Amino acid sequence: MTDADARLKALFAEDEPPARDPVFATAVMQEIARRRFVLDVAFLSAGTLLGALVLWALWPVLGPLLKQMSASLAPLAGCGTLAVAALMLVDRNLGTAFAPKSGMALNHD
Amino acid sequence: MIPGGLDEALVEAAQAGSTSAFTRLVERHQQAVRAFLRRTCGDWAQADDLAQETFLAAWSQLGRLEAGASVRAWLCGIGYNKHLTALRSAGRSRARERAYEAEKPPSSAAMTDERLTLEAAMAELPPDQRACVALCLAADFSHQEAADALGLPVGTVKSHVTRGRQRLLQALGGPDDGR
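For the protein sequence lines, the chains are A and B, in the order given.
Each residue of the first sequence is one higher than the one before, starting from 8 at the first, in the numbering used here.
Each residue of the second sequence is one higher than the one before, starting from 36 at the first, in the numbering used here.
Okay, chain B solo, but in the shape it has when bound (with noise of 0.2 Å):
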């Protein structure tokens, strides 16, 4: 659990100009903003490269963020965007891209058949859905914290979750609790 009352202050001190409460920000929410970009990508040389645009972007809008705002929604949030941004631009080239994709070894060496099936079943998943998934699933945030970071209805996020989490179970095979 990130304690809230730390972020408040580095927060503070970062809008009022300090650069090493600004580093340890980045220090803190890191792991939370790449592991989420990692999954809502599938590549994660991409997912590193816009988390470190995530935080760039997070550096000039601080002044934006409200007090007592979660700061790890926030940063989710930007790196959401920066993630569909890029979708976009890819989508141009897709066609292009696709048959270096299909060559491309995975971005992970060691892993498992199971983790290869849920990655798979998760680039077959809509980008929001992926994104609900990825947050609530695999981050622990409460779906009003998702709904806050993504921009998306509570109603929406928690819709997204079941679908998708029904549909990994279906892909890895196990048995479907029907929640």
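Just chain A, with the same shape it has in the complex (with noise of 0.2 Å):
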């Protein structure tokens, strides 16, 4: 490098961002969360418009055909959800049981 190519890069050293600058950082995620949250929700409410629309377009199939099956599901729907709610109670109460400690929490994205 000669003394000119020195001088030169000095003189551009001179406007150089800070190595760490939090604040930039935390801005540019902020905004990649943010735009990651407004893509969510227009994948889930496109996917609940299309199950509207599906379920609309089935249901002269479905209505009547629902109407027939609950009188013989009616008791095994009630079973399944008092089976779905146990497990949930048991798988929080294991949840609780082992847990890590406060300060032993792992680093997860």
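No farther apart than 35 Å at their CA atoms in a straight line, the calculated lysine-lysine pairs in the DSBU-like style are these: (1) B/K193 / B/K117; (2) B/K193 / A/K16; (3) A/K16 / B/K117.
Source of the hints: derived by calculation from the structure; they are not laboratory data.
In this text, all values refer to a predicted model and were calculated from it rather than measured experimentally.
Can you join these two chains into the complex? Each is in its own frame, and there are hints to help.
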């Protein structure tokens, strides 16, 4: 590197931003989180709309079928709901018992 | 010198959806990208806005980054394209903004005379030449790396750097060593 190059490099170095700038990095990640949220909402809305349209289109067939089956399925649905609720309660209790103590939490994304 | 292995691991993790890996990439490369854009734009606030847009674009285009490619060069390339787009849209309203620019205080209050001269000389360079000078003379990019980043042939980068360097040294009033 010649003296002229070193002089240019030194002058250019005067406008160098800081090596660590948490404010800038945070602003970028906030904007990314905002965009990700908007994308998620759009995706979920599209899915919900599609589901509603399919249900609306199939309702003339599904409606009478469900009405026919509802009498025989009601006890089964009740049992299923109770089983799922019991599983959730057991899972929550187990989760509390084996959760890491404060200060030992793993660093997940 | 930026260790490429760590970049590769971070890119791989970010491509797999890790937000913290992408945050690390932003932290590691924000200085290089912002410095490059400050030198090519001249306007620090606009450069930082463009740098932010660069990282947002990088986040959505991360899947296109080839394994082993220089992340720093890739980011600077995205930033340069953003800068060119901003230049094109600014060109339409340039006359209106010129008066405002003339009255605007310089980006840094504590600039030396030499620094101001350099900034003025940089502003006189064509955008391609300015970008080549900013990468090769200020940020230690190799000619090949700059060519990859800017999408220019290596020969063009070399001639841009030589001419740009000559013009900057002339403006600064220093001896030109004839390189």
